[in-house]
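*Asks:* Starting from the known structure of chain B, arrange chain S on it as the hints suggest.
Here the protein sequences come in this chain order: B and S. For the first sequence, this note's numbering assigns the number 219 to the last residue and increments by one with no breaks. For the second sequence, this note's numbering assigns the number 438 to the last residue and increments by one with no breaks.
Because the hints were derived from the structure by calculation, they are not lab data. Heads up, the beta-carbon is just placed ideally off N, CA and C, and yes, glycines get one too. Treat the hints with caution; some may be incorrect.
Taking CB as the label site, the calculated pair distances span [said to hold, decoys possible]: (1) S:Glu299 / B:Thr48: 17 to 25 Å; (2) B:Arg138 / S:Tyr278: 42 to 50 Å; (3) B:Arg14 / S:Glu263: 55 to 63 Å; (4) B:Gly50 / S:Ala327: 34 to 42 Å; (5) S:Gln253 / B:Glu158: 34 to 42 Å; (6) S:Glu263 / B:Glu64: 24 to 32 Å; (7) B:Asp43 / S:Glu377: 46 to 54 Å; (8) S:Ala353 / B:Asp43: 27 to 35 Å.
Protein chains: 2
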Amino acid sequence: MAEDAQRSGERAKRLPRAVREKQILDAAVAVFAQHGYHSASMDEISETAGVSKPMIYSYLGAKEDLFTHCIRRESGRLLEAVQAGIKVDVPPDMQLWHGLRAFYRFVAEHRESWTVLHRHALTVGGPFAGEVNALRGRAIDLVAQLVVSQGSRKGLGEQAEFSGKGLAAALVGAAESLADWWLDNSDVPDGVLASWLMNLIWLGFNDLVEGDVWRPRES
Amino acid sequence: MAEDAQRSGERAKRLPRAVREKQILDAAVAVFAQHGYHSASMDEISETAGVSKPMIYSYLGAKEDLFTHCIRRESGRLLEAVQAGIKVDVPPDMQLWHGLRAFYRFVAEHRESWTVLHRHALTVGGPFAGEVNALRGRAIDLVAQLVVSQGSRKGLGEQAEFSGKGLAAALVGAAESLADWWLDNSDVPDGVLASWLMNLIWLGFNDLVEGDVWRPRES
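The shape of chain B in the complex, shown without the other chains (with noise of 0.2 Å):
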């Protein structure tokens, strides 16, 4: 007993230090998503990543900090995935469908990140919420590019300019809550989103630099 314990001591000694953050955030990731964060516990983090809590306070921190390594981890592989989804050399519309692509396709494979950033970290407020809402604006200034850069296209540049970032904000306020709603009806295949998107939005944007513009009737 005292031997296999030794053993199993050294050989997690062995391990470099990244591999063990890495199990630590994977059960960290999992354990908040399921609980929340106040009724996640430090205990179910350290039994399902196979690590002691001693060893988890050592490398990344007591529960608050753990909680904004996560979150910080979960930004940053959203982020990597919409960017790497979208290819620069092709028109606005497809820019966008390609990110809207990579963000559903992020959140349908990764639900429990999004859980924790959306869902969690939002609702726990605090510094946890400044940091997805750092997320959020990085993701309106990407989409404010596509939408300026269509309305220069069209001639529109001033336009654009005056109300890209306004309909960026919308448009990413409009896929994160769909987002959202998914998250209790994944029945609907994530690719269906993006379209859903790109049709409630896109087209009516495409109209508005058309010149086809939606006014209030005599009622």
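*Replies:* Relative to the frame of chain B, chain S by itself:
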């Protein structure tokens, strides 16, 4: 002096409870909007309201309860304002238009309400976020009815039933996100926001029910 205090005490007593509660809630919304939940102090709320702290505790409870009362009152006002803005005997797009106008008018006129509901309640988290999510759910239901009704007018009832709730979630997310963006960009008149959204979203939706579908091209 003592006589004055006594007289003002009597005057205070004579105010009906509902009036006192309104004074307290008005002050609380203003203070919470300015400082956020955690930094807001009961002293400042008491001072702004001109109501003693013991009276606040006795009428509306301690800080947590008071914040819940604020969220409920502001949610209720927002819903009422939007519902009052919607005319039921006009086509779905005009209903949405009036609803969005009423929503952005409310945000413009009750900036503090929206700040408390959207920025603070969500980021403080816990049961507060739950209240706001319930409000969002009601807004999604309201918009889903419009989407389904527009789809049915065009003979696409079944398709609208399938996608209506998701599209409504996207639309509500877009409206919220744009209102949030507007808090930091209030030089845009509030009437413009509703028309941006109509153009961005409703035209796209209309194209969709008219059979004009966006499809990815080869690239």
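*Asks:* Confirm or reject each hint.
*Replies:* Outcome of the hint check:
no.: 1; hint: S:Glu299 / B:Thr48: 17 to 25 Å; result: 47 Å, violated
no.: 2; hint: B:Arg138 / S:Tyr278: 42 to 50 Å; result: 44 Å, holds
no.: 3; hint: B:Arg14 / S:Glu263: 55 to 63 Å; result: 57 Å, holds
no.: 4; hint: B:Gly50 / S:Ala327: 34 to 42 Å; result: 55 Å, violated
no.: 5; hint: S:Gln253 / B:Glu158: 34 to 42 Å; result: 36 Å, holds
no.: 6; hint: S:Glu263 / B:Glu64: 24 to 32 Å; result: 28 Å, holds
no.: 7; hint: B:Asp43 / S:Glu377: 46 to 54 Å; result: 49 Å, holds
no.: 8; hint: S:Ala353 / B:Asp43: 27 to 35 Å; result: 32 Å, holds
Taken one by one, the earlier hints fail for this structure at numbers 1 and 4, listed in ascending order.
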